[in-house]
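2 protein chains.
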Amino acid sequence: MVSGPAGSGKGTVLAELLKEQNYRYSVSATTRAPRPGEVNGVNYHFLSRAEFEGRIGAGEMLEYTEYCGNYYGTPKKEAEAVLASGCNLLLEIEVEGAANVKAKYPEAVLIMLLPPSFAVQEARLRGRGTETEEKILERLSRTREEVPCVTHYDYVVYNHDGRVGDTADDIRAIVRAERAAVRRNGNAADNYFS
Amino acid sequence: MVSGPAGSGKGTVLAELLKEQNYRYSVSATTRAPRPGEVNGVNYHFLSRAEFEGRIGAGEMLEYTEYCGNYYGTPKKEAEAVLASGCNLLLEIEVEGAANVKAKYPEAVLIMLLPPSFAVQEARLRGRGTETEEKILERLSRTREEVPCVTHYDYVVYNHDGRVGDTADDIRAIVRAERAAVRRNGNAADNYFS
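So the sequences go chain by chain: A and B. Mapped onto the working numbering, the consecutive letters of the first sequence carry residue numbers 1 to 194. Mapped onto the working numbering, the consecutive letters of the second sequence carry residue numbers 1001 to 1194.
Bear in mind the hints are in silico, worked out from the structure with no lab data behind them. These numbers were taken from a predicted model, which means no experiment stands behind them. For glycine and all other residues, C-beta sits at the position ideal for the given N, C-alpha and C. One thing to keep in mind: the hints can contain errors.
[What the hints assert, rightly or not] DEER-style ranges, computed between Cβ atoms:
#, chain 1, residue 1, chain 2, residue 2, range
1, B, T1151, A, P106, 28 to 36 Å
2, B, H1152, A, G165, 33 to 41 Å
3, A, A15, B, G1165, 23 to 31 Å
4, A, P34, B, L1083, 45 to 53 Å
5, B, K1104, A, E134, 52 to 60 Å
6, B, T1130, A, K104, 47 to 55 Å
[Said to hold, decoys possible] Derived contacts from chain A toward chain B, CB cut-off under 7 Å, selection only:
#, residue
7, I56
8, F118
9, A177
One chain only, chain A, in its complex shape (with noise of 0.2 Å):
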């Protein structure tokens, strides 16, 4: 599970990654706007907030929380279908949600995105220009109640600018060395000797 602030480059450090088979995403749902360019049931799965509710309603949410006044959630189904077929499952989610998986799911492993600095994050979202000026300061807002929030996860990772393949090569790393813990190979030594 991936978190991390707006500017952090989450999409684009999940498409990086997601560039190789064993890499699944599980598409969130969400009831804000789509930004120009984001396609429905790829970036997001796009409802009104009736249909969110609807699914909250029917228990088809892994995980779901409202923020900035809009609803964003994991679907179950389509989470448990990756998962099933081995790949490694990967969820942006905000960190209300990233909490709240984590307790249903303590194997979840929490990476928590960042932008090199506060400064630089402020220089992205600026430079985006896709936002208002109201919005910007909203989400730098949002970031300071995000960020503390890292404590609470297993893994910090800084995406530079023009580096997005050493992030996506962390994220792999990670993945890789939480593959081989010990506490995800408990028959390690059963299994060696049988």
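Let chain A serve as the given structure and place chain B on it in line with the hints.
Okay, now just chain B, sitting in the frame of chain A:
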């Protein structure tokens, strides 16, 4: 810290890692006899029992243990010099020694290196042709004590025949992931906004 039973290929894997500048090895001390080709000060510091016990008495050993009738230990001064340089310190260490170091340095990372299976290990030891049948049986018997200690380790890495590069990559991934671990980056949030 890398532990592994005889025939796990510790020496070969560490040599692969040491090709990189940012990995450095702290040469262990032992009272066992050098094997053909082993060089004093490179593979081990080969000491007499009296010399080794003198160093223990002088508090110059980070850890030491006695196994199969010989002492094995880590000279403190050498290990501390590597850590002070900022490099990754590699230690090849017995299971008892690893537990001792972990107790003193909880931030140390314990990796158990294993052959793919006990059967492969036995074939490797016999193929080596440098040891008597008695020694081989002693090492295999010792393995039955060592491998169950994996539960006290952080990671388990398998060294498959002819794939030392992959094995070294596993360890590189572990080091990279550990450096991104939140518990090693306690000031991440403060640093971000500063």
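Against the structure, the hints come out as follows:
The supplied range of 28 to 36 Å is broken by B/T1151 and A/P106, whose beta-carbon atoms lie about 18 Å from each other. Take B/H1152 and A/G165: their Cβ atoms lie about 36 Å apart, and the range 33 to 41 Å holds. As the Cβ distance of A/A15 to B/G1165 is approximately 28 Å, the hint placing it in 23 to 31 Å holds. Taking 45 to 53 Å as the suggested C-beta distance range, the pair A/P34 and B/L1083 conforms, at roughly 51 Å.
Range check, B/K1104 to A/E134: Cβ separation about 54 Å, and the 52 to 60 Å hint holds. As the Cβ distance of B/T1130 to A/K104 is approximately 53 Å, the hint placing it in 47 to 55 Å holds. Hint on A/I56 is violated. Least Cβ distance to chain B is approximately 30 Å, over the 7 Å limit. The interface hint given for A/F118 holds, since its Cβ lies 5 Å from the closest Cβ of chain B, which is under the 7 Å cut-off.
Annotation: interface hint on A/A177 holds; nearest CB of chain B at approximately 4 Å, less than 7 Å.
Hint check: violations occur at hints 1, 7; the rest are consistent with the structure.
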